[in-house]
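Using the sequences and the hints, build the whole thing.
2 protein chains.
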Amino acid sequence: MDPKLGRMTLKEWVAIESDSVQPVPRFRQELFRMMAMAADMLQRLGARVASVDMGLQQLPDGQSLPIPPIILAELGSDPTKGTVCFYGHLDVQPADQGDGWLTDPYVLTEVDGKLYGRGATDNKGPVLAWINAVSAFRALEQDLPVNIKFIIEGMEEAGSVALEELVEKEKDRFFSGVDYIVISDNLWISQRKPAITYGTRGNSYFMVEVKCRDQDFHSGTFGGILHEPMADLVALLGSLVDSSGHILVPGIYDEVVRLTEEEINTYKAIHLDLEEYRNSSQIEKFLFDTKEEILMHLWRYPSLSIHGIEGAFDEPGAKTVIPGRVIGKFSIRLVPHMNVSVVEKQVTRHLEDVFSKRNSSNKMVVSMALGLHPWIANINDTQYLAAKRAIRTVFGTEPDMIRDGSTIPIAKMFQEIVHKSVVLIPLGAVDDGEHSQNEKINRWNYIEGTKLFAAFFLEMAQLH
Amino acid sequence: MDPKLGRMTLKEWVAIESDSVQPVPRFRQELFRMMAMAADMLQRLGARVASVDMGLQQLPDGQSLPIPPIILAELGSDPTKGTVCFYGHLDVQPADQGDGWLTDPYVLTEVDGKLYGRGATDNKGPVLAWINAVSAFRALEQDLPVNIKFIIEGMEEAGSVALEELVEKEKDRFFSGVDYIVISDNLWISQRKPAITYGTRGNSYFMVEVKCRDQDFHSGTFGGILHEPMADLVALLGSLVDSSGHILVPGIYDEVVRLTEEEINTYKAIHLDLEEYRNSSQIEKFLFDTKEEILMHLWRYPSLSIHGIEGAFDEPGAKTVIPGRVIGKFSIRLVPHMNVSVVEKQVTRHLEDVFSKRNSSNKMVVSMALGLHPWIANINDTQYLAAKRAIRTVFGTEPDMIRDGSTIPIAKMFQEIVHKSVVLIPLGAVDDGEHSQNEKINRWNYIEGTKLFAAFFLEMAQLH
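So the sequences go chain by chain: A and B.
For the working numbering, count along the first sequence from 1 and bump the result up by 221.
For the working numbering, count along the second sequence from 1 and bump the result up by 221.
It is possible that some hints are incorrect.
Intra- or inter-copy, both count: the list cannot distinguish identical chains.
30 Å max Cα-Cα, derived BS3-like pairs, lysine-lysine [as the list claims (entries may be wrong)]: (1) K584 x K506; (2) K335 x K432; (3) K566 x K506; (4) K335 x K540; (5) K633 x K489.
Keep in mind the hints are simulated off the structure, nothing from the lab.
Structural data, given as structure tokens:
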């Protein structure tokens with residue numbers, strides 16, 4: 222396929238307001254249109270395509286909305302070839318020009334080689350790059366070096382509603398012939414150097430409620446004679462992490478993989494300009510001074526962030542209230558081999574311990590609202606070697622071997638349900654601004670990314 | 222005036238969303254409407270009324286909003302009579318039905334003899350009771366036993382912006398003929414026994430801002446390498462008070478008046494059913510077990526309350542955000558002879574000390590948003606004796622001689638600028654829930670309170 226044609230398709234796709242985060246019928250219709258357009262394109266490519274109806278999404282307000290179908294598609298079923306399954310999503314984060322977009326977020330606009338538009342890098346561009354790579358073989362009337370499968374959803378930004386259910390159901394059908402799973406839904410850590418991602422952190426999100434009564438108090442009328450819930454909560458939250466970022470929950474580091482010299486060397490090999498990173502993030506000073514320490518604390522050590530408090534006075538101005546019931550929110554990013562349910566027990570025990578020492582008459586309830594496992598792959602798997610070779614061919618360089626500090630739960634899910642090797646091959650540059658205003662993908666990344674996937678097919682055929 | 226008519230006016234007044242705390246044009250317009258309605262009512266009563274324009278309120282964000290006019294009104298100028306000046310306010314605390322109100326906060330709703338609505342007890346009900354008492358003499362075509370003046374403002378809940386300036390200016394004009402000042406802006410400490418208040422605590426309201434950058438961060442992408450502002454803020458707030466309510470700011474107790482045996486006896490004389498107090502407040506357990514300790518910690522010892530945090534995640538649900546800039550809010554209730562500017566220095570020095578030990582790269586700014594002095598009166602002044610007699614007449618009992626844990630800064634201000642005796646004659650019951658959800662005034666309190674003020678006028682005429 223002619224790259225220009227690929228860019229035209231990206232323009233068409235970005236023009237669809239396939240926002241899955243705002244649960245309103247208009248965007249949901251756009252999502253259905255988006256999935257139909259993609260299914261049609263795959264069909265024209267010669268794939269067998271199933272658009273699987275996933276039923277209704279129940280909303281917190283009691284209403285429901287239809288879930289866009291998940292596309293399962295197959296191209297080739299030669300038993301002598303390896304089968305690579307590509308995962309992607311075609312829904313996007315909300316975007317509104319009034320929030321600071323310099324161009325219409327739903328009109329793909331090229332400025333200085335950058336293609337601006339919502340979904341350009343997350344994840345419509347990479348999905349199209351993969352399709353473009355496949356269609357290049359078709360256009361050249363060459364056999365595909367590998368069998369290709371696609372699983373494409375439209376609810377990723379809303380938590381991949383229904384995806385796990387489908388993967389579980391298709392484990393021994395659609396996924397039975399799959400050898401490798403490729404995801405391309407994150408970014409490089411540099412503007413010019415490609416990367417391969419072999420791990421992501423998990424996340425345990427906690428809520429700790431401290432309650433005296435449901436109503437608030439006036440601080441003049443009751444201040445001085447109460448165990449105030451905010452005093453308890455601030456003490457609880459203050460017991461979690463010290464000023465150097467070290468988590469104070471006993472036992473929390475017990476299962477963290479020991480650091481080896483070999484692993485340190487992998488961080489040394491990565492290109493990261495700290496000064497540029499600091500400036501582009503608008504941060505005066507990080508907790509650590511070296512590249513290696515920073516990468517390790519983003520990727521291979523857990524971190525604890527306090528997000529906020531629900532139920533306290535949070536508006537501008539000066540209100541003299543003693544909140545009667547408050548909920549503190551914090552989360553711990555998990556790394557191999559931390560276990561979600563062990564962490565839940567450690568955090569709960571720690572908070573109960575701190576709380577009991579206060580002799581407060583308030584009630585405390587700890588709950589884990591979300592528990593997502595960390596994921597790590599074996600970087601000596603076939604497809605990691607193939608991806609490295611393809612990057613050398615297309616970009617003339619070794620890739621940065623990176624992890625992602627955020628959670629990409631589908632990587633872990635595929636690994637656990639399908640039991641096949643998963644790799645993340647990002648195409649976008651570090652400054653693409655996914656989820657942010659003025660999201661873009663560079664034209665260079667989009668075109669070279671298409672070439673990278675084509676080269677990857679050829680390398681996979683050789684190594685399989 | 223017919224009490225039913227009085228209740229109807231209270232309904233009209235409560236319907237006005239005269240919220241002075243949230244600095245937005247909509248509420249400010251409501252405040253202007255409120256003040257105009259009150260001025261009109263006083264005029265119809267035959268008073269000479271001046272609505273004094275107080276200019277603009279400068280907001281922290283650089284914007285400004287008009288300050289509602291302060292009403293000065295006079296009824297009678299007989300030089301043989303004493304002149305009593307009544308202070309009240311018609312602005313209210315914020316109220317939102319979603320916060321747990323069982324009825325619309327701006328629709329006065331009677332349930333079992335209780336009149337629910339924002340401002341019903343604080344302070345629209347008592348202001349109307351005073352007006353009703355005056356209009357009762359008018360309706361009976363009797364001469365008023367005393368000359369009456371009114372000073373009514375609309376910014377009390379926002380710190381009485383501009384009031385002091387006006388009192389200072391009117392010191393030798395409007396206030397020159399005033400002999401006594403009556404305020405009715407607090408509550409009894411019982412559900413059925415009236416009280417007279419001779420002291421109030423002051424208040425120092427602090428904001429402590431911790432900033433990394435203006436934008437928030439994603440906790441996956443940055444968690445682990447930042448000095449997170451929330452961790453700093455939680456540590457700062459956690460350094461302020463221990464679990465027994467003891468304030469940890471060095472030197473804060475130095476100027477608190479020493480306790481004598483005689484003073485302890487005054488607390489012993491007060492009727493307070495701890496069990497009932499606990500139940501009506503829906504509190505499982507207070508910090509202290511005896512009546513005397515509880516009264517002392519509400520009235521004669523300082524207290525510190527943490528109100529909340531601005532800029533953090535405060536909504537329901539689980540958002541993985543690292544807030545970039547957060548503002549913690551807390552206040553210290555001051556008692557004789559603590560000094561506002563000394564407290565400001567002590568708190569600032571303490572927070573700077575705690576913050577510097579954290580070695581954080583964030584910026585911290587401490588500011589005192591509000592500094593209000595404590596107040597204490599001589600309980601042998603004429604109007605204290607008159608109020609006691611009036612209470613005996615209307616309620617058939619001795620009043621509780623109490624202080625108020627809240628701040629009524631105007632008491633101190635009137636005492637210092639006008640140099641006249643100030644008394645607080647509360648009308649509302651202990652469970653009225655001022656500043657809280659489901660604020661109410663009992664119908665009984667509202668009607669007997671009107672009678673009490675009328676009897677007070679007669680006693681004042683005798684004793685003056």
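Hints, verified against the model:
In this assembly of identical chains, K584 and K506 lie within 30 Å of each other by CA distance solely across copies; the values are 11 Å between and 39 Å within a copy. Taking the closest pair of Cα atoms, K335 and K432 come within 30 Å of each other only across two copies (27 Å); inside a single copy the shortest separation is 46 Å, beyond that limit. Proximity of K566 and K506 under a CA criterion of 30 Å is satisfied inter-copy only: 29 Å between copies versus 34 Å inside one chain copy. Taking the shortest alpha-carbon separations for K335 and K540, only the inter-copy value of 26 Å comes in at or below 30 Å, while the best intra-copy value is 41 Å.
Taking the shortest Cα distances, K633 and K489 sit within 30 Å of each other inside one copy (26 Å), while across copies they are farther apart (67 Å).
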